[in-house]
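Asks: Listed in order, the protein sequences are those of chains P and H.
Going left to right, the first sequence walks through residues 1 to 362 as the working numbering numbers them.
Going left to right, the second sequence walks through residues 1 to 95 as the working numbering numbers them.
Because the hints were derived from the structure by calculation, they are not lab data.
A quick note: this is a predicted structure, and the numbers were derived from the prediction, not measured.
Certain hints may be false.
[Claimed, not checked] Below, a sample of chain P positions facing chain H; criterion: calculated Cβ distance under 10 Å:
1) F7
2) F89
3) M149
4) G193
5) V198
[Claimed, not checked] Residues of chain H clear of chain P, computed beta-carbon distances all greater than 12 Å:
6) E39
7) M42
8) I54
9) K77
Ideal placement from N, C-alpha and C gives every residue a C-beta, glycine not left out.
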Amino acid sequence: MKYIDEFRNPQAVKALVHEIKSISTQKWVIMEICGGQTHSIMKNGLHQLLDGVVELVHGPGCPVCVTPLELIDQAVEIASLPNVIFTSFGDMLRVPGSSKNLLEARSEGADVRMVYSPLEALKLAREHLDKEVVFFAVGFETTAPGNAMAIAQAKKEGLTNFSELISHVLVPPAMTALLSSETNRVQAYLAAGHVCAVMGWEEYEPIAAQFRVPIVVTGFEPLDLLKGILMTVQQLESGKHVVENAYPRAVARKGNQQAKALLQSVFQTIDRKWRGIGIIPQSGWALTPEFAAFDATLKFETGHIKTQEPKECISGEILQGIKKPNQCPAFGTLCTPEHPLGATMVSGEGACSAYFRYHKEV
Amino acid sequence: MCLAIPGKIVKIYTENGLRMGHVNYSGTISEACLEYVPEADMESYVIVHAGFAISVLDEEQARQSLETWDEVTDHLKKQGYTVENAPLTDKTKKD
Ligand code: SF4
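Bound-form chain P, shown alone:
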């Protein structure tokens, strides 16, 4: 496919790996933030090609994995109400809540539907004016423009039967939290290309300066990842710590201006709880008062639902790069993609499921 296959060219992969190896004087610890990048790394065996030179630790950038348990419980509660059509991206349906997941709620009679875009949920709201249509708005800065657009559009059309259960999280505060932690091992970041396609990369510059870590905006194909790693290692070897862009075909310095403008009017920054990590200050988005009528938590009064997470699952440490999935005693035995204990095993982008699919033997 055009603009995809060329970025998987095995010759250039070998050449870039060689280049990285030839400039490294020590083993560097680099975190890729995004779960999509984790998958591409595991699928293409890049971590093995770089063995001994770079340790890649997998970051918390999978929206499904960090959506807190209590939000799943709220989703199940709302979905189970009569007269509600509950809509969600497919990968949220199997995430275990404290008693059941959304698919189980559906088998018990709840009207739960999978959609590919929040605009499909909005369409359902237009078609079913006698029902409440709720969309499970999870994700990072990448899904936010769509979720914001659906709300702005509902308001414009005067649709009062549409709302969103919002669990939006933001990347830069999580990066700061990880670097501030006593257990931090991360020496540099690969920033997620698509988050930066929306937000640009200026907000990373204070982080790179304060913690003296290189941050390189990186894409998802093998060559994009290796280019990002090469630029990161070049900085580490020369003692630099700035933000650079290894994904210029998709990302501009200021990001997507139209999307940022709408995000600013629809969302405000709040403290958010991350599954397995806990509350990170100012790390999420909620609706501004102007759009509060579209907030499902307020509409259905589910804000009181608070849930503790199960003890066995070490996904919190995995999301912070402290442990690898295969260090979890439940990995591959009690916990598999068929019977996940934690969110990092459910999601196709979760580190546990990436290890299970591509890397069981290690």
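On the provided structure of chain P, position chain H with the ligand as indicated by the hints.
Replies: Relative to chain P, chain H with the ligand alone:
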């Protein structure tokens, strides 16, 4: 949710006041909202995320990246390294 790949715009239209389009991924056509990429035109490559185009692919930048990699590969070959054209191990195929 997070693996957006570039596709080519093959149709542009308006629906409920929103600029929408059809995006072709090697024969598979998907619908996407184009409100955030007003500069995108027919034949533009866009990166779509959860039903919304969030970025227009800069084809000149893509070409430049590929050229640098070709240079790195050529440079290595000249130094006498064998950079054989072995496929990457795609472990999905095993499962
Ligand atoms: S393998 Fe399962 S139980 Fe262990 S950390 Fe991963 S999701 Fe949690």
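Asks: Which earlier hints can't be squared with this structure?
Replies: Per hint list: 6, 8 and 9 violated.
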